[in-house]
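Enquirer: When you get a sec, could you build the whole thing from the sequences and use the hints?
The listed protein sequences correspond, in order, to chains A and B. Under the numbering used here, the first residue of the first sequence carries the number 54, and numbering increases by one thereafter. Under the numbering used here, the first residue of the second sequence carries the number 5, and numbering increases by one thereafter.
Do not rely on the hints blindly, as some may be mistaken.
Here are the simulated DSS-like cross-link-like pairs (lysine-lysine), alpha carbons at most 27 Å apart as the crow flies [said to hold, decoys possible]:
id	chain 1	residue 1	chain 2	residue 2
1	B	Lys-106	A	Lys-76
2	B	Lys-47	A	Lys-80
3	B	Lys-47	A	Lys-55
4	B	Lys-275	B	Lys-135
5	B	Lys-237	A	Lys-80
6	B	Lys-197	B	Lys-231
7	B	Lys-206	B	Lys-159
8	A	Lys-55	B	Lys-242
9	B	Lys-673	A	Lys-76
10	B	Lys-519	B	Lys-673
11	B	Lys-412	A	Lys-76
12	B	Lys-242	A	Lys-118
13	B	Lys-231	A	Lys-80
14	B	Lys-275	A	Lys-118
15	A	Lys-55	A	Lys-80
16	A	Lys-80	B	Lys-680
17	A	Lys-76	B	Lys-477
18	B	Lys-280	B	Lys-480
19	B	Lys-511	B	Lys-47
20	B	Lys-477	A	Lys-118
21	A	Lys-80	B	Lys-149
22	A	Lys-80	B	Lys-246
23	B	Lys-280	A	Lys-118
24	A	Lys-118	B	Lys-482
25	B	Lys-46	B	Lys-511
26	B	Lys-197	A	Lys-76
27	A	Lys-118	B	Lys-237
28	A	Lys-118	B	Lys-149
Everything labelled a hint here was simulated from the structure, so no lab data went into it.
Letter by letter, the chains look like this.
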Amino acid sequence: MKTTVDLLQIGDIATITNVDLDKIPLKLLEMGCFPNNTLEIIQIAPLGDPIYLNVNNGSHLAIRKETAREIEVEIQQK
Amino acid sequence: MSIQNINVALIGNPNTGKTSVFNQLTGLKQQVGNYPGITVEKKLGFCKLTNTIKANILDLPGTYSLNASSIDENVVIELLLNKNDKLFPDVAVVITDVENLKRNLLLFTQIKDLEIPTILVINMADRMKPKGISLDIPHLEEQLKTKVVLVSTRKGFGIDDLKNQIIDYKSLSTEPCMNASSIDEEYFDKLRKAFPNQLLYKLWLVITQDVNFLNLERNEIRNTFTKSHSDLKRLQQKETIKRYQFINDTLKIGQTIDKTNATDLRSKLDKVLTHKIFGYAIFFGILLLIFQSIFDWSSYPMDFIDATFADLANYTKNYLPTGEFTNLISEGIIPGIGGIVIFIPQIAFLFLFISVLEESGYMSRVVFLMDKIMRRYGLSGKSVVPLISGTACAIPAIMSARNIENWKERLITILVTPFITCSARLPVYAILIALIIPNNRLFGLFSLQGATLMILYLLGFGMAIFSAYILNKVLKVKTKSYFVVEMPNYKLPLFKNVAINVIEKTKSFVFGAGKIILAISIILWFLGSHGPGKDFKNAQQIVEKEVYTSPLKINPSVIPDRVSEYKLEHSYIGIIGKSIEPVIRPLGYDWKIGIAVVTSFAAREVFVGTLATIYSVGSKSDDDLTIKNRMESEVHDDGTKVFNFATGVSLLLFYAFAMQCASTLAITKKETNSWKWPMVQLIFMSGFAYIAALIAYQILK
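Expert: The structure is reproduced here in structure tokens:
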């Protein structure tokens, strides 16, 4: 199922299908956030934002919802 | 026998234990300074490798890649591009974390492209076993064209291997480990032909990065090889993905991870520490602990320091021959130094907590928890660190705002941080509260004085948040907002790292602020004990005449006090104080307080020192009286107390809000690169303080 990262739930694992380059900082890419890599939602902060991810099996980072919206993914498993 | 010096640069992602390796290599042989013109901390250390070889080890700021997004990261690129730099490395040591090898190697491949001899340190190697990681070192060395050293600063192995490898740096390959230019052959071919003598990757960095590059005409390159911003970004993306492909291929054989044996402390801790209730409760508990240490535990060493300096001043006064020089020491220099040293316990406790929280990885969880809440006020989750550090001192706090990527959030953080009650306000608060608030307990439980202090802290914090809210509405700064925080693995902080950090930070605070305070105390003492004209010179005769000719029978024993009083009034400082009296009279201050307000513009804590100097210059009897007793016994001409409730509250409010710190203005100027923002701080904060103090005094008097 195709969706974007901001809509995922804690525990979801997904494959990145597309990132909007103009809206996403290069730094995020360098952390491993680019197509064909997997990401897992580890935690979502109490007010729904930011989102804590494990990208590319080992790169742990938190991003805001507005950035998460620009990362398209395909959910692998619930 | 000549000594050979090798320049070594430590480079690595944040949270890879780079500083631990630095500390292990250099011990306490470190110099912490600044890069010229900017406030990025420059850490240089020394290490004797053999009897004839010495290494200068430079700990560069942590960076994720050579695509810089902050001034800290720019420093790394500028050094690596400038072969003429005194510190240009003979050998680069890239530090990586064994659990994060994939991402850490990205930077490594970029450094290799610069054709600098490079050693790869895989740090935290003691965690390989519990994490089920095994490495094929020969394969990694072959693919990455480097030497690999496994290091654990925690278990203390690998450092000697690293030293040997540094000695042997000439045998390292300088060949890049991959070919990044294949992402756009045509473009890079043209570039190569135009500048045949330059490294291709260097040229590429000059085109894409906003850095100074000495030898090359940057504009020339840019004009000839211009590409649209989004084209460049697309190429950078391709480059990044290409590098990851290479790294993935290398690690496929070079690294195996067997997850069945892995223990996962991280996710368990994360569940609690970022929990929607426990997370906040724990953070709040830690804050309470920090404040407890600052106010309660620190008071013991502080009382001791206070008493020691008072004794020392008395001792010098009694045992040195009387004269100008003795006065300078006992009335100017010793109280001046005492005024700085007394802050050491508080500052040290604060830096201790902050460095433990950062080293352990907990601080990122706080950023994560607080981001959404802080954003309502135009701040970022990352503003939490500056706001907490601000309780010690606004200067390091403002510098720590640097890792906020969003310029508007960073600017607001910088602008409001000085409202947070810093330790320099404490002595001012402490003495004023002791003067005007009775030492009673409310409901037999809360100390009234303690409660007042807490209200002042809350007032500072509330004002910071309130101004952030206003600034967020008013400021029209357009920036692309983004926020990426690495959530590092939890680590038990290393004692050595924390200790060195606390010592360095405290030292730089004490010496930085110390110089100003000491200079001011000496100038003050001079201005207070010298004066122009006859009134000052002939004070003795004038006062004597007045006393003896007075129709009221005045006891001649008051003469010495009256003389010093009269002298002070006609000294340079008295003249300055009197001239500003009309401005501060409505706030309930006399000219002596006025002097203290003016001098403490350099730094708030100077307020108490100034009053101490003024009152000790201004009295000849009762030398062992404490400053508080002297302030208490100060009266106006009509016999009413100077430090009454209304004046006290007015002063407390003034110091809570006013921008009374020249160093903070200087750091704001440096960090924002403009005089506009420090001026905004000065006018807004001090103007607000004046109005608040005015209203309070007029209502209460």
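Enquirer: Each hint should be assessed against the structure and marked as holding or not.
Expert: Status of each hint after checking the structure:
1. Between Lys-106 of chain B and Lys-76 of chain A the alpha-carbon distance is near 25 Å, which keeps this suggested pair within the 27 Å criterion.
2. Only pairs whose Cα atoms come within 27 Å are accepted, and Lys-47 of chain B paired with Lys-80 of chain A is accepted, the gap being roughly 25 Å.
3. Under the criterion of a C-alpha separation no larger than 27 Å, the hint pairing Lys-47 of chain B with Lys-55 of chain A is inconsistent with the structure, at around 48 Å.
4. Of the pairs offered as hints, the one joining Lys-275 of chain B and Lys-135 of chain B holds, with about 19 Å between alpha carbons and a cut-off of 27 Å not exceeded.
5. With a C-alpha separation of about 12 Å, the suggested pair Lys-237 of chain B and Lys-80 of chain A falls inside the 27 Å cut-off, and the hint holds.
6. The hinted pair formed by Lys-197 of chain B and Lys-231 of chain B meets the criterion: a straight-line CA distance of about 17 Å does not exceed 27 Å.
7. About 38 Å separates the Cα atoms of Lys-206 of chain B and Lys-159 of chain B, which puts this hinted pair outside 27 Å; it is violated.
8. A C-alpha spacing of about 24 Å is found between Lys-55 of chain A and Lys-242 of chain B, which places the hinted pair at or below 27 Å, so the restraint holds.
9. At roughly 31 Å between alpha-carbon atoms, Lys-673 of chain B and Lys-76 of chain A are farther apart than 27 Å, so this suggested pair is violated.
10. Under the criterion of a C-alpha separation no larger than 27 Å, the hint pairing Lys-519 of chain B with Lys-673 of chain B is consistent with the structure, at around 20 Å.
11. For the given pair, Lys-412 of chain B sits about 17 Å from Lys-76 of chain A by alpha-carbon distance, which is consistent with the 27 Å threshold.
12. Distance hint between Lys-242 of chain B and Lys-118 of chain A is fulfilled; the C-alpha atoms sit about 25 Å from each other, no more than 27 Å.
13. Straight-line distance between C-alpha atoms of Lys-231 of chain B and Lys-80 of chain A comes to about 20 Å, which keeps the hinted pair within the 27 Å bound.
14. A distance of roughly 20 Å separates the Cα atoms of Lys-275 of chain B and Lys-118 of chain A; the hinted pair therefore holds under the 27 Å criterion.
15. Taking the CA atoms of Lys-55 of chain A and Lys-80 of chain A, the gap is about 24 Å. The hint holds against a cut of 27 Å.
16. For a cut-off of 27 Å, the pair hint linking Lys-80 of chain A to Lys-680 of chain B is broken: about 30 Å separates their Cα positions.
17. Taking the CA atoms of Lys-76 of chain A and Lys-477 of chain B, the gap is about 24 Å. The hint holds against a cut of 27 Å.
18. The hinted pair formed by Lys-280 of chain B and Lys-480 of chain B fails the criterion: a straight-line CA distance of about 33 Å is larger than 27 Å.
19. Restraint check: the Cα-Cα separation between Lys-511 of chain B and Lys-47 of chain B comes to about 14 Å, which is no more than 27 Å; the hinted pair holds.
20. Simply put, Lys-477 of chain B and Lys-118 of chain A have alpha-carbon atoms about 22 Å apart, close enough for the 27 Å limit, and the pair holds.
21. At most 27 Å may separate the alpha-carbon atoms for a hinted pair to count; Lys-80 of chain A and Lys-149 of chain B meet this at roughly 26 Å.
22. At roughly 15 Å between alpha-carbon atoms, Lys-80 of chain A and Lys-246 of chain B fall within 27 Å of each other, so this suggested pair holds.
23. Between the alpha carbons of Lys-280 of chain B and Lys-118 of chain A the distance comes to roughly 17 Å, so the proposed pair stays at or under 27 Å and holds.
24. In summary, the hint linking Lys-118 of chain A to Lys-482 of chain B is supported, as the alpha carbons are separated by about 19 Å, within the 27 Å threshold.
25. Taking the CA atoms of Lys-46 of chain B and Lys-511 of chain B, the gap is near 15 Å; set against the 27 Å cutoff, the hint holds.
26. Under the criterion of a C-alpha separation no larger than 27 Å, the hint pairing Lys-197 of chain B with Lys-76 of chain A is inconsistent with the structure, at around 34 Å.
27. Of the supplied pair hints, the one linking Lys-118 of chain A and Lys-237 of chain B holds, its CA atoms being roughly 22 Å apart against a limit of 27 Å.
28. Only pairs whose Cα atoms come within 27 Å are accepted, and Lys-118 of chain A paired with Lys-149 of chain B is rejected, the gap being roughly 40 Å.
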